[in-house]
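J.: Residue numbers (my numbering), protein chains in the order written: chain Z, 1 to 361; chain F, 1001 to 1801.
Calculated from the structure, these hints are not laboratory results. Every residue gets a Cβ at the ideal spot worked out from N, C-alpha and C, and that includes glycine. One or more of the hints may lead you astray.
[As the list claims (entries may be wrong)] Listed next, the stretches of chain F that the computed footprint assigns to chain Z, with coverage defined by at least 3 CB atoms under 8 Å from CB atoms of chain Z: (1) 1162-1172; (2) 1425-1432; (3) 1556-1564.
[Claimed, not checked] In silico BS3-like pairs for lysine-lysine, Cα to Cα no more than 25 Å straight-line: (4) Z:K64 with Z:K34; (5) Z:K167 with F:K1297; (6) Z:K167 with F:K1531.
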Amino acid sequence: MTDIDQLERTLSDAIAGAGDEAALEAIRVSALGKKGSVSELLKTLGAMSAEERQVKGPAINGLKNRVTESLSARRAELRDVAIAARLEAEKVDVTLPVRASPAERGRIHPISQVIDEIAAIFGDLGFAIAEGPDIETDYYNFTALNFPEGHPAREMHDTFFFQPDEKGERKVLRTHTSPVQIRTMERESPPIRIVIPGKTYRQDSDATHSPMFHQVEGLVIDKTANVANMKWVLEEFCKAFFEVPSVKMRFRPSFFPFTEPSLEVDIQCDRSRPGEVRFGEGSDWMEILGCGMVHPNVMRAGGLDPDEYQGFAWGMGIDRIAMLKYGMPDLRAFFDADVRWLQHYGFRPLDMPTLFGGLSN
Amino acid sequence: MKFTLSWLKEHLDTDATLDEIVGRLTAIGLEVESVDDKAALKPFVIAKVLTAEKHPDADKLRVLSVDTGSGAPIQVVCGAPNARAGLVGAFAAPGTYVPGIDVTLSVGKIRGVDSHGMMCSERELQLSDEHDGIIDLPADAPVGTSYASWAGLDDPVIEINLTPNRPDATSVYGIARDLAASGLGKLKEAPVEPVAGKGECPVKLTIEAPDLCPGFALRLVRGVKNGPSPKWMQQRLLAIGLRPINTLVDITNYVTFDRGRPLHVFDAAKVAGNLVVRRAKDGETVLALDGRDYELKADMCVIADDNGVESIAGIMGGEHSGCDENTTDVLIESALWDALNVARTGRTLGIITDARYRFERGVDPEFMVPGLELATRMVLDLCGGEPGEAQVVGYAGHTPKIVSFPLSEVKRLTGLDVPKDESLSILSRLGFRPLGNGDVVDVEVPSWRPDVDGKADLVEEVMRIHGVDEIEPRPLSSHDAVNGKILTTLQIRSRFARRALAVRGMLEAVTWSFIPARHAELFGGGQAGLKLANPIAADMSDMRPSLLPGLIAAAQCNADRGMGDVALFEVSGTYEGDTPDRQRRVAAGIRRGTAKLEGSGRYWNGNAAPVGVYDAKADAIAVLEACGAPVDRLQIEAAAPGWYHPGRSGVIKLGPKVVLGHFGEFHPKVLEALDASGPLAGFEVFVDAIPEPKARPTRTKPKLELSAFQAVKRDFAFVVEKAVEAGSLVKAALSADKKLVTDVNVFDIFEGASLGEGRKSIAIEVTIQPVEKTLTDEDFEALAGRIVENVKKQTGGVLRG
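Based on the sequences and whatever the hints tell you, model everything.
T.: This is the structure we're talking about:
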């Protein structure tokens, strides 16, 4: 064994035995530093004869290269070990819980959600959304809508009244959203296509009646709108709203003071599963809305000539269609603000009803 | 309105099945509410008791052997006192549901003796309240056949939900007319032949209130014999829920339902002197047929004799002159009454009767006299007697309405193509008289249809009889363009406010618009004009001036249920007055307990702190940001309304006048008055007060200007008086150089003895953005000097040493 072989063995043992990067660096300096063992060997080359150098030169340079390589290989090994040790030390319990994001905890009330759904559908049909005040005059709530003074139809409304003013007139809490029909006709010229969601009030309270509830009214006025168009609009709405490919609806002649002819509409459904209603199947009929051609007197009250213009209107309970679609059993719970109910029946804030992404998920 | 199938068929010649009739009624606007086909009575068969022996172990029970017509006699244990050999009654076999006791029978063992069924009482079959014994039928009743069909009790009962515009359908005859018009059979016309009476009516009738009584017909029939009415009449009345009284009274009820013609009968012997129709005297009383005393008012109409009020016109007769078994001379009344007056009187007195139901909808004036004649005939047929002459007072006759009807209206309003002849034929079948045959026809409206006024009403008649189902849905004409924005700014902002608050972990509530008066008063409401005259409950009396009391109460309810950490919001109306412009649109929210944005309650990496004013402020600003308010120009002042904690609340303003909202913790006295406890913080943002966004000619955003120079951050700490608001210090720093200072961030507040009494330190990080050139050290020093100078000038603050 030559000296070179001896040195190489010594160095490679030392490199393999280096426990950390500092020890390795010391070895590097002892071998390859200015006065290192390999460096010293290299220096001897200059004093050699050409023949000797031809033999020793490659041997010493080979030694230098191999030592350099094994130093860097060992350095990489040591770094991996160090990183592994640090990572091991940094380990945490990833099963610990994290807080739910606020957006995941918040909820939109079903009434607001359903109003957004209605707006999405009717927006697509070219309707705008109109609103009006909750506190109304007797004129807008009744007289202009062709409710004759003292007519039994007024009684059907169980109206909330305010105290009479000095002129003896008493304001009412609107019993339906229909006053906005008149307010819209007074303000706008046909063609009119609006839907009117809002709060309504009647002095009535049980599982399906609440003294405050929500209605959505629709109004179309132009020079051609007729019952056939009305049937189409309402069927399209019900299909879109209940998110079913088809619905069967039954239009029955009925009576409302502000429409003539008047119709009530039932929707066919299956109620055989407890707590669940399915539309587009089954054999039950459920009343869901009232509608009709705008009464000539209502047209006149809105300042329109009923021989020039014509149109239709409809109204339905927002709370009611929300209950039918989403299965809430009791109307009164809508207004209790019980967080358990809101968390269960409410909607996540980023579930925004659109037609392109679906009304509900 | 209720009637039976056989009753209908008395006026309608039809082969239609019950299902067809029910379907058609609904299709033509007479919505069927319920049908009782009497299937429940079908299993009960007529059976004969062969033997009746005393039960071996019970004194009051008997063991019967019953022939039910199905072979061998059946053993039944029975406790009825009238159970005896030879009795023919109604038998229910095991498996039968007995409605009166709500039990499905099974083979039973009563005191050790097997019983294979039951002999029933009328109450057990829900035929009457009779339960003293089992049903006792004539000996010749056919054993083994259905009891109900033998007794005529299987007549299906139909109830329709009548709309208030159809007085003509308050009668079985009128319903038959509608069905016949729709092609479901033929109406059996039933003209009433007048009765030739003898002798003037000895009781004179005068009408002192002709505006309330447009006609009155009266006849005396002497020598009648009043008693129970015939079985067929009783059965019909019972089937529709009326209690048979005696023949004379039952006739009035029968005609009311049969022809929609309410009648009244007076016992002539009890009428003192003549009759007068007049307004009641204020405070006058009458004991009515329902056994109750009513105090009348001057605007009510009555029929009176020398004794006083004998009848409340069109609503209910008086007890005093009512007919009973001893009545021999009867005065039959058939009159017309003002519909509004009847409605108002009935409502005021709280009386609901079949007469009122009809008069307030409008009774056929042309049937007043025929109604009297029909009633007279029935009295003569069923009670005998001698009729006098009819006395008809005040009736001026009926002038029919004429409606000009362009036949094209049917197509215009409904889209239906109904041939002209068909339209006119439908109207004729309903009793209308088309006068002519052109494209526009004058149509005479029958006297029984006061609801028909105009051509739209005639369109409805044609549509409902021709068939609504015939109308094919047709798309609404397209608007031929992509629909644009359909919401108003206020609607858009309300929507954004909701989503923004929900995204902050809050739950949207919908609370009542009316709240207790004391709650309204605490929040600046409670004015007289916003109080309901007829609230549904005492604590739902006042229109809310604020959304906060409802939300605080709701939070407390949840806390009482064990959920104290709640965050609720509502975006809805509040009321400052009773006019449309005084209804506000408000977004409000509250947080209770530890319901912070990040979460609530204890947590392994840090427990949530109690909520406070800054949580409410953050929520309020989030709403304003979502609504597009100019948040960089908002001013925050410590001057919130009195329901807030005076030291922990603020008002958000835009300029000196526009208040956009309030936020803060609540005044302890207000919480106490609301029975609520904290920690609790909330806000209200007046969405309708946010200025409309400026109309922009283009959607292009302003060009993004990126500085070539790096921004630099410098920290300053100032010592100020404790009362100095951080906001004013930030403002002072910002205004030191509006070009270079782009942001000021408060990163520390410190109060300590080292600063001296009544002082605090505010530390800020100032962002300096060079614009034209890199700033030299001298430039920074000069700017820092201006900042320190400005802060000192505006807040008195000095750099902390």
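J.: All hints are to be evaluated individually against the structure, with a verdict given for each.
T.: Cross-check of the supplied hints:
1. A stretch counts as covered by a chain when three or more of its residues have a beta carbon under 8 Å from one of that chain; for the segment 1162-1172 of chain F and chain Z the count is 4, and the coverage holds.
2. As drawn, the segment 1425-1432 of chain F meets chain Z at 0 residues by the rule of a beta-carbon pair under 8 Å; below three, the given contact is violated.
3. Coverage of the segment 1556-1564 of chain F by chain Z holds [criterion: at least 3 residues with CB-CB distance below 8 Å; count 4].
4. For the suggested pair K64 (chain Z) and K34 (chain Z), the alpha carbons sit about 13 Å apart, so the restraint of at most 25 Å is met.
5. A hinted pair counts as satisfied when its Cα atoms are at most 25 Å apart, and K167 (chain Z) with K1297 (chain F) qualifies at roughly 24 Å.
6. For the suggested pair K167 (chain Z) and K1531 (chain F), the alpha carbons sit about 17 Å apart, so the restraint of at most 25 Å is met.
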